[in-house]
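Protein chains in written order, with my numbering: chain E, 7 to 294; chain C, 7 to 294; chain F, 342 to 923; chain W, 342 to 923.
Honestly, the hints are just simulated from the structure, not real lab data.
Virtual Cβ for every residue (Gly too), placed ideally from N, Cα, C.
Heads up, a few of these hints could be off.
Said to hold, decoys possible - Reference listing, derived: stretches of chain E covered by chain C, where coverage requires no fewer than 3 residues with Cβ under 8 Å from a Cβ of chain C:
# : region
1 : 117-125
2 : 141-149
3 : 174-181
4 : 235-248
Claimed, not checked - Beyond 12 Å from chain C on every Cβ pair, some chain W residues (computed):
#  : residue
5  : C558
6  : V578
7  : G602
8  : I770
9  : T790
10 : E801
11 : N815
12 : E917
13 : V919
Claimed, not checked - Simulated pairs of lysine-lysine, DSS-like, Cα-Cα distance not exceeding 27 Å:
#  : chain 1 : residue 1 : chain 2 : residue 2
14 : E       : K141      : W       : K869
15 : C       : K280      : W       : K487
16 : C       : K155      : F       : K487
17 : W       : K500      : W       : K487
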Amino acid sequence: MSSVVTVEKRKVADYKGEERPTWCPGCGDFGVLNAVFKALSDHNFDPKNVIIVSGIGCSSRLPFFTDAYGFHTVHGRAMPVAAGIRAVQPDMPVLAMGGDGDAFAIGVGHLVHAIRRNLNICYVVMDNAVYGLTKGQTSPTAERGLATKATPQGASDPAVNPLLLALATGCTFVARGFSSKPKELADLIARGIAHDGFAFIDTYSPCPTFNTVNTFKYYRDATEDLPGDFDPTDFSAALQYAASEDPLYLGLYYQAEQPTFEDHIRNNRPEVIKDPMTVVENLFEQMA
Amino acid sequence: MSSVVTVEKRKVADYKGEERPTWCPGCGDFGVLNAVFKALSDHNFDPKNVIIVSGIGCSSRLPFFTDAYGFHTVHGRAMPVAAGIRAVQPDMPVLAMGGDGDAFAIGVGHLVHAIRRNLNICYVVMDNAVYGLTKGQTSPTAERGLATKATPQGASDPAVNPLLLALATGCTFVARGFSSKPKELADLIARGIAHDGFAFIDTYSPCPTFNTVNTFKYYRDATEDLPGDFDPTDFSAALQYAASEDPLYLGLYYQAEQPTFEDHIRNNRPEVIKDPMTVVENLFEQMA
Amino acid sequence: MTRNDLVIRVAGEAGEGIVSTGQLLTQAALRGGFHVLTYSQPPSEIKGGHAFFQIRLNAYRSYSKGDSVDILLAFNQEAYDRNAAETKDDGLLVYDPSEVTPSADSHFVQVEFPLNDIAKNQLKFPIAKNVVAVGALAELFGLPTKHLDSLIEERWLRKGEAVVQKNLDALRAGIDYVIEHVPQRDNFALYPEKTHSGEIMVSGSEAIGLGAIAAGCSFMSGYPITPASDIKEFLEVHLPKTGGHALQAEDELAAIGMVLGASYAGAKAMTATSGPGFSLMIEMLGLAAMAELPCVIVDAQRAGPSTGMPTRHEQGDLNQAAFAGHGECPRIVLAPTSVRDCFYQTVNAFNFAEKYQTPVVLLGDTLLNVRSESIPRPNLNEVNVIDRVLFSENGNGVDSMNGEYNRYVLTENGVSPMSIPGQAGGQYIATGLEHNEAGLHRYDEATHTIMTQKRFRKLERAALEAPEADRFGNPSAEIGILTWGSTVGSVIEVIRNAELEGIELDMLAPRMLMPLPDPQLRPFIESKRVIILPEVNYSGQFANMIASQYPRDYVRVNIFGGMPFRVDWLLDKIREEVAQHV
Amino acid sequence: MTRNDLVIRVAGEAGEGIVSTGQLLTQAALRGGFHVLTYSQPPSEIKGGHAFFQIRLNAYRSYSKGDSVDILLAFNQEAYDRNAAETKDDGLLVYDPSEVTPSADSHFVQVEFPLNDIAKNQLKFPIAKNVVAVGALAELFGLPTKHLDSLIEERWLRKGEAVVQKNLDALRAGIDYVIEHVPQRDNFALYPEKTHSGEIMVSGSEAIGLGAIAAGCSFMSGYPITPASDIKEFLEVHLPKTGGHALQAEDELAAIGMVLGASYAGAKAMTATSGPGFSLMIEMLGLAAMAELPCVIVDAQRAGPSTGMPTRHEQGDLNQAAFAGHGECPRIVLAPTSVRDCFYQTVNAFNFAEKYQTPVVLLGDTLLNVRSESIPRPNLNEVNVIDRVLFSENGNGVDSMNGEYNRYVLTENGVSPMSIPGQAGGQYIATGLEHNEAGLHRYDEATHTIMTQKRFRKLERAALEAPEADRFGNPSAEIGILTWGSTVGSVIEVIRNAELEGIELDMLAPRMLMPLPDPQLRPFIESKRVIILPEVNYSGQFANMIASQYPRDYVRVNIFGGMPFRVDWLLDKIREEVAQHV
Ligand SMILES: Cc1ncc(C[n+]2csc(CCOP(=O)(O)OP(=O)(O)O)c2C)c(N)n1
Ligand SMILES: Cc1ncc(C[n+]2csc(CCOP(=O)(O)OP(=O)(O)O)c2C)c(N)n1
Ligand code: SF4
Ligand code: SF4
Ligand SMILES: [Mg+2]
Ligand SMILES: [Mg+2]
């Protein structure tokens, strides 16, 4: 790991790790990684003060390619690990990164609860509608019928709509990004980090190796920016736009202020913090 | 187990098991059990042709008190077990029953996927905002701040809204019932069973032993029937009414027709079903 | 007759004051200088159903719940019917004649005690029934009144003077009734020859909570489950006082996930669960082992498999604690042998976790976690707390070649200095993938071989620092009893009783079960002619572990009915063995 | 020189035809009558990175991948650099000079092979590079052309005549190049003295899928994971043909949940996973054991712990398979010893599951699941399929006292007739709670004791019906090798080689590992002077199991680098042991 950067304003390069990304050429995740670098440098965070948590998948390898602290956990468990980190280090920015299988298949239960708790992290899901790392089975965001080499019969179930799910479970920052719009994506991530609460950014990040349908071109054709006058404080508008299948809107759908997980922890602490042995001694007293 | 009932039209008593319910006096689950009996008798099902699946919790004990086939699984896993049953016995009515902890805490990931698959079962969640069986900790449907004996500091997180969650994940039958309105509840359950697809009925079922706030009286005061002219095919109206916190509406919010899990399995089968050994022999042929 | 051991059982309908009656009595007895050990059986069903609370009072320390009951207070007929068999033939039966009809051939000394009548008609205060019962029982075994008076004052003070007085009256009514109607109560009076001073009354779950706080735990996440929920609830209330936090996760996968996150972020962290929840934590136990993250997992065992019998006792999770987890997955397993030991082994669990950066499983069980014992107040000055080794720039953990921090630098004892997010130059990626010293994932033969050895080298060292084993009996006895966990209590009493018959026994109970502490085990195993291995499980899980490392013959004694060993039954078994081996 | 054993390795950049080259060659060799065994190493990384595919051709059956390479085809420099060390000193190196520069001191017979040039410039068909290579390699070891011709025709037929012809030309170009430039290729030509007839080429994963279908499996649910996903994908395609169904669940907890639901509903059901997924299934393994639901869990082991090394080999999950699960949780563990055995043990797994109503874990591993072998076509007439015993009204499983069906009626062998939803009078509640014969939850001592014994009685019976152990060597040898799973392959070759040196060895490899089949093990263990236990894991998981039941000294040989045993290395070890024990 490189030593601490002390320049005033950090550049994208200051966040790069020693390890080169191992993704396939043309993978959407490169764009997301760059957007992360950009967002971090916008905030001018010292890499030693950033923690990136991920699950398992091609996308979840991202922390290895940065110079931040990182925790590459196990499949589907990035959310609880992030919660544990935030409970202990409530002032350190935490990014969570991972794939659609990680977030919406094995991990969706934790996602619902992380959102409900309004855990103050920014979660970027790199959505490619397949399980890249295990060689291309369809994921919960695959449209019904999507066929891949590993799922030749086609996806059997309708796709989940991550934005609706997030909105319905009380998410306080809901957005959709696209790997090939790096500037906009970097901006969303930077705002998601700045948001006080759970920021959820579903991000189209094509897998050219295993998903030959949902390509860069596919998303370029299918997406459109949210209207210029869109009001991200309007919950029903957010629901309505999130439900749209054609076009698929990009941008910030919803943002609200609510007490956070970290607020609760802070409020739960008494004014005077005591030494553990004193607390134990006092309890002994009560037990005599 | 009593022997097969052969009368033309079955009565509620025909569905009772030998085991008496072990719930506390005054528990809401008694009302739900009666509604289940009533709904089954409305359909005049032979008890031997009904399967009731549950998780773990006071409410999940329900199968023991009936004369149906039953599977009292483990905490949070009723949905996948029900899916396995339906994959094999796609013509046998399957009811799933359980508590709010079972459904919305440990089990919420599976719920999302059971809904997405449009598994053709009727799932009645007995919602008391606490974990009854483990002595009253607050559950994900507890309002923030709800204090119980086991959670004296009060619930730390906002409640999940089960109806919004179901709607957002594509549920094709979404309803809310109340244990002390047994006729209406029985009717909802009967319709849920008749529905071709996933029927979700969140049901207020108070726990007088551990939740002294969300009592029968509390729900009687807080609830109201959906308007008489409410249109359960209107998705946005359903979302809007589901989001309401005052009053809490009772009734059928939404119903839609979609291909089911079972449809997919049927469609996946070739016209001609072959003997397993023939299939294997043919595969050997290809591998030579 | 001088009696220094007395077992009192209060039995009735669950939720009708059984537990509060028992607790009041327990606390009063503690203040009276008795050694107290409780045992309770919650009902199997949700509410209602039969429940009892049992108190063993002793002039000396007792180690087991007591095989049979001296005084049975039966609140209703079912309580009588279910508990009569466990009551001694010359025991005392106290019952309300309006509720209970004892069988005609009962041998008990019987005391009719119109509890309901006294509370309702005499005192006009029906809910004081339990206090009346407490007064009566206390008088029976001869507890000085002052301890009860002051307890009642403390308990009802905030409800006002009038309530206190009403309860004092109820107490007095119970006492008076006994004085009047049980003239020959000497037989049940307890004469403490040697009383303790200043002991505290704690349950196993509380002792674990206290140990965690003392060890410096600052984060706990759990999910409710019998019999472990108490630990979470205790820490939810008390951990914030130290600036820490305990919370309820959405399930056990999340609970352990949060614990690993907290540990990565620098905290001493734990979770507490029972069998079903522990089974859900296995994947992340492996992550902790691979990423070398300190953490403590308390598994309060209950009878299994599956949901099993949530309120019943079994030592059935040792296999799981020692061997679950795919791949070669190092972990330390500790098992306390008493309520008091729950405190100390919890401290040790955190110390081992932090020192060796490895998951530590602490095996409690229904018997230990639920019961309360009077125990000597731990001397906190003697409690040694170990913190994790952190890397320091230009020092610990820095590669001499390139001057960079290597999270998994190879060392003699396998322990590599950690960093905490925020530490400059300490950045690394914690991962469940195999990795090199820098923490980068690598799949070559050399790396996997060396890193596997590194992870297990830590355990080898830990085994040498295992907490002292629990010993009891005559070290030169030819017959050894090798056991673990809460079964130690029964075994100690067996040895005491056997001694009276001239049978010499020697017990060894290691508190570290994985890795097995060779310096403790080998001399014991090599020096005994016969070794008996009693366990509350079917397959002899500990016996199998011992046998796999120390080939010889062992006598296995197993019960698996959801109850702990009865002292008399186990002594019988041992007598049989002794007879065979003479 | 007559050669009857040849190892060919094709190495290069992953995703650039390495696998398809290997597969074409494999199939052609199969048709040519050779025994074939493949071995491949997928890259550790996502795409790109180094990968190889290895084929061992043999006149007789081979049992291991082969320690070193006879012919290395290196597509690029990295392929050369990484694989040169494993290539025999007198091996043949085939390389494209435009890509690879062999080191100056190379001992190999070197053949410059301008692959890219031939494909691009001569054939004007760059993607035929692999077919050119296939032609060249086939010619080197002397495969008759007709097998390749027909394969190519079959493979490209649906793309049209022209494409077929272009590929035939490419093949011919490869052949011609070798004929012209490698005149002394006799040294690599293979002379099959005894060829097989009509073998089939299957991978371990396919063999498991085939076994499942043959056994009557009609439901499979899984979640993608290396190296088990193939099984799910195979069954997703083929199970519907029998009216069954295979599907992808949302996670492993759901996968096993669905399997238990399907089993309850009457189906033979299975899941397949690897370590991390298996760890997530532990809670429901216990449910299956308690509710006595038949099910098969395939665990294709990979190197752990945690995410570990997903593409590497290890026999590290035996502890988990045998001991995970809280409480006393019965299950059967089977381990096939070869690809062929994967078929038969899968059938056995279903038979045991259904007959004994218990979960059965089938332990595959990276080596077995991924490799393909030519195996004799199983004779399906000899495959014995066992179905579960069902209750019948007035018959099986009905209580003679009250005429009612009791799901868990006590029987001599512990097996109680099941019912299937829809069966009149067969209603019962499957539960993870302890229960009485009727299936109603009960927590008393007698019930838990009797029912625990019932569940384990089934295992005792199953052990007596264990599949025959894999035996090899001289039964009267004094040195025994006790091993399991895929390590058998290396051991068989060690024994063959040792015999040539006059060292007599005898191997026993039980295919049932839990419960341990005493009738197989005891005579073997008691009759050998030295017993060697080789395993690909750190702690000797099998050795510990054996030692815990059969006290004596054992020689443990363990490697844990993510690779299987090399035959020469293991033989060295054994030579050392033999020397010590003479
Ligand atoms: C418990 C567990 N189950 C399965 C796997 C295998 N696995 C690795 S990555 C992955 C899915 C990856 O898909 P996604 O999250 O969409 O990430 P992507 O590779 O597409 O970026 C799976 C199933 C695992 N590592 N752990
Ligand atoms: C894996 C696992 N974790 C925890 C438990 C303990 N447990 C039993 S029931 C229950 C919650 C019950 O709450 P709910 O589902 O709301 O049902 P209720 O009792 O309120 O009807 C819990 C946590 C368990 N049995 N298994
Ligand atoms: S497999 Fe797909 S998701 Fe994975 S690195 Fe390659 S392109 Fe990206
Ligand atoms: S504890 Fe609550 S939910 Fe459980 S049976 Fe009693 S009243 Fe019902
Ligand atoms: Mg993906
Ligand atoms: Mg509840």
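Need the status of pair K500(W), K487(W): alpha-carbon distance at most 27 Å? holds, 20 Å
Regarding the assertion that C558(W) does not contact chain C, is the least Cβ-Cβ distance greater than 12 Å? violated, 8 Å
Please check whether the beta-carbon of V919(W) is more than 12 Å away from every beta-carbon in chain C. Nearest chain C Cβ is 41 Å from V919(W), so the label holds.
Chain C versus I770(W) - minimum CB to CB distance exceeding 12 Å, so not interface: violated, 4 Å
Proximity test - 8 Å, beta-carbon atoms, the region 235-248 of chain E to chain C, at least three hits: Held - the region 235-248 of chain E has 4 residues with a Cβ nearer than 8 Å to chain C, which meets the minimum of three.
Does the no-contact call for G602(W) survive, Cβ to all of chain C over 12 Å? violated, 3 Å
Regarding the pair K155(C) and K487(F), is the alpha-carbon distance no greater than 27 Å? violated, 31 Å
Claimed clearance of chain C by N815(W), with the beta carbon kept past 12 Å: holds, 34 Å
Quick one: work out the minimum CB distance from T790(W) to chain C and report holds if it exceeds 12 Å, violated otherwise. Answer for T790(W): holds, closest chain C Cβ roughly 22 Å.
Quick one, are K280(C) and K487(W) close enough, alpha carbons at most 27 Å? violated, 34 Å
Just want to verify: E917(W) was marked as not at the interface with chain C; is every Cβ pair farther apart than 12 Å? With a cut-off of 12 Å, E917(W) remains clear of chain C, as the shortest Cβ separation is near 42 Å.
At least three residues with a C-beta closer than 8 Å to a C-beta of chain C: is that true for the region 141-149 of chain E? violated (count 1)
When each numbered hint is compared with the structure, violations occur for hints 2, 5, 6, 7, 8, 14, 15, 16.
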